[in-house]
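Novice: Kindly generate the complete structure, drawing on both the sequences and the hints.
Spelled out, the chains give:
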Amino acid sequence: MIRSASLSYQYPNGKQLRFPDVNLSAAEQCLLLGESGSGKTTFLHLLSGLLKSQQGAIHINGHEITKLKGSALDHFRGQHIGFIFQRNHLISALSVKNNLLMSPYLAGLPQRSERVDEVLRQLGIGDKKNSRIQELSQGQAQRVAIARAILNKPSIIFADEPTSALDDKNCELVIELLADISSQNKSALIIATHDQRLKSHIPKQITL
Amino acid sequence: MNLFSLVWNYLKARPLNTVLNIILLSLGIAVITILLIFNKQLEENITRNAKGIDLVVGAKGSPLQLILCNIFHMDFPTGNINLAEAEKIAKNRLVKKAIPLALGDSYQGFRIIGTTIDYPQLYEAEVREGGWYKEVMEVTIGANVAAQLQLRLNDEFTSTHGLSADGHSHDAMHFKVKGILQKSQSVIDNLIFTSVQSIWKVHEEHEEEEHGEEEKAHDYVAVTNSSLLVPGVEAGDTTKEITSMLIRYRSPMGAIQLPRFVNSQSTMQAASPAFETARLFSIMGVGLNILNGFAFVLIFISGLSIFIALYNSLKERRYDLAIMRSMGATKQKLFVSVILEGVLLTFFGALAGLILGHLVVTLLGNMLEETQKAGINGLVFYVDEWIILVGSLLLGLVSSVIPAFQAYRTDISKVLAGN
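Which chain is which? The protein sequence lines are A and B, in order.
Residues in the first sequence are numbered consecutively from 1, following full-length UniProt numbering.
Residues in the second sequence are numbered consecutively from 1, following full-length UniProt numbering.
Treat the hints with caution; some may be incorrect.
[To be verified] The calculated BS3-like cross-link candidates involving lysine-lysine, where the alpha carbons are at most 30 angstroms apart (straight line), are: (1) K67(A) to K199(A); (2) K15(A) to K414(B); (3) K69(A) to K153(A); (4) K67(A) to K333(B); (5) K88(B) to K67(A); (6) K331(B) to K153(A); (7) K414(B) to K331(B).
Hints in this document: simulated from the structure, not taken from any laboratory.
Specialist: In structure tokens:
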């Protein structure tokens with residue numbers, strides 16, 4: 001599903017980072033561990049094509065994404081990759097439903113209302129469909145963000161510190177949801193985190 | 001979801017800002033629209049009303065007043081001219097047609113004009129009911145006069161001296177409505193037509209009231225050589241006076257020779273409607289230009305305000321933009337979305353402005369007698385309004401291009417890593 005080989009990145013200030021190779025098959029999950037500043041986010045951005053100018057190769061679903069450029073890369077990202085961030089970054093001007101529909105719209109996929117209902121129900125927030133973002137609690141908002149990431153059934157989900165802003169209860173809930181969804185949708189899951197609470201949930205771990 | 005509903009929701013999320021920008025632009029656009037409507041309609045009305053009249057001859061005074069009084073019926077007469085002297089000019093070989101006007105009285109603010117039927121026929125007047133006046137003290141009235149004063153055929157009324165309803169009234173003489181004209185969208189809609197003799201008769205009575213029985217009423221029976229200007233009056237009658245005479249040239253040569261010929265006579269002057277209205281417009285032009293300039297300042301400020309609003313809101317929306325990029329939005333799409341936001345704002349502003357402009361003109365037309373009489377109508381639309389609309393969309397484009405470029409250049413990785 002995703003395979004990287006001899007990846008390295010040079011920061012504008014000249015500092016160079018070399019990253020370990022990653023090899024995940026469908027529905028496989030992996031933690032990316034490391035202290036703040038160890039390059040977890042950079043690694044994640046490289047793997048997902050948000051950041052360019054690296055050396056090495058990345059294959060996702062058989063596509064060599066380092067060779068994709070401009071709109072083609074944007075398009076690929078929209079269709080094959082889902083993102084979850086520490087802060088949810090939902091678009092506050094839109095309702096929950098419209099936030100979710102942005103995902104297929106921007107990826108150029110058909111917008112299906114049933115799919116929105118299905119995912120929201122799966123995440124236990126079916127009643128929040130028409131809510132405004134400001135009305136959600138932090139845990140609910142994070143689940144909406146997860147719903148948005150998985151709506152297109154991406155081949156791979158990248159999560160950057162998805163639980164560090166959550167309390168223990170919500171943390172537990174979110175990591176279990178992510179793991180469930182990953183195995184249900186046959187999506188690979190990579191979680192970059194320094195949250196020690198996650199270590200017990202996912203056995204495969206890469207430390208930077 | 002689509003780009004339009006995304007942008008729409010962004011605008012709705014900042015209602016105060018959005019409304020302020022729309023109001024700001026709409027005020028500027030409204031002023032421009034009002035000026036446009038007034039200018040267009042004044043010009044149309046002036047050309048329509050001055051059609052077929054090359055020269056106005058009247059008593060010495062302000063030539064502009066002569067035109068305003070005798071063509072647009074908006075000012076007072078400059079004085080009277082002697083009928084015999086006027087006839088001399090009417091007989092000139094350069095004159096194709098000469099129409100006498102005798103002013104002085106009004107009824108409920110509508111001017112009564114003693115003239116020949118040639119005058120209303122300049123405006124292709126058609127009788128809707130009844131017929132043209134024939135006898136002395138018979139009148140044919142314009143459409144607006146009939147509608148506003150509820151006058152019907154065979155109704156009688158007495159006139160008052162001057163143009164206002166509270167002038168000295170001539171109670172002894174009764175005018176009788178013989179006909180009502182069809183609406184013509186020109187000045188004749190607001191006029192009451194009668195023969196020159198009727199005006200004389202009313203004022204003879206008037207003088208008799210003052211001077212007792214000194215002068216007997218003139219009789220119009222023994223006419224051997226009828227006047228060229230006023231049928232039924234002896235030619236060369238030196239006692240009769242009229243207010244003015246409208247002249248149509250036989251050839252362009254008239255424009256060169258006739259005004260000089262008239263002005264050389266000590267008691268009369270000639271004024272050209274084309275020249276005087278052009279002068280009037282250049283006098284008004286200064287005021288109009290200032291208003292126009294003011295409108296453009298408003299529009300410029302609204303453009304600036306839209307720019308600042310977009311620029312600031314994009315700072316708040318950096319994460320939105322980065323997230324959208326991560327979900328597959330291309331740079332071009334974000335660029336277009338910001339442009340769309342600016343253009344949508346100016347579109348609504350322009351639309352509101354155009355509606356406001358027409359509304360104000362319509363209200364003015366309904367409330368002010370002057371605009372009504374000048375024939376200003378707020379419900380007429382002009383091609384130029386498309387230019388205003390397109391110009392506004394361009395303004396939106398220009399105001400949003402820098403913020404849009406900012407959105408285009410969003411560094412996804414940097415923004416997302418910065419949390």
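Novice: The structure should be examined with respect to each hint, and the outcome stated for every one.
Specialist: Here is how each hint holds up against the structure:
1. K67(A) to K199(A): violated, 34 angstroms
2. K15(A) to K414(B): holds, 16 angstroms
3. K69(A) to K153(A): holds, 23 angstroms
4. K67(A) to K333(B): holds, 22 angstroms
5. K88(B) to K67(A): violated, 98 angstroms
6. K331(B) to K153(A): holds, 24 angstroms
7. K414(B) to K331(B): Given pair K414(B), K331(B) holds - Cα atoms ~15 angstroms apart, limit 30 angstroms.
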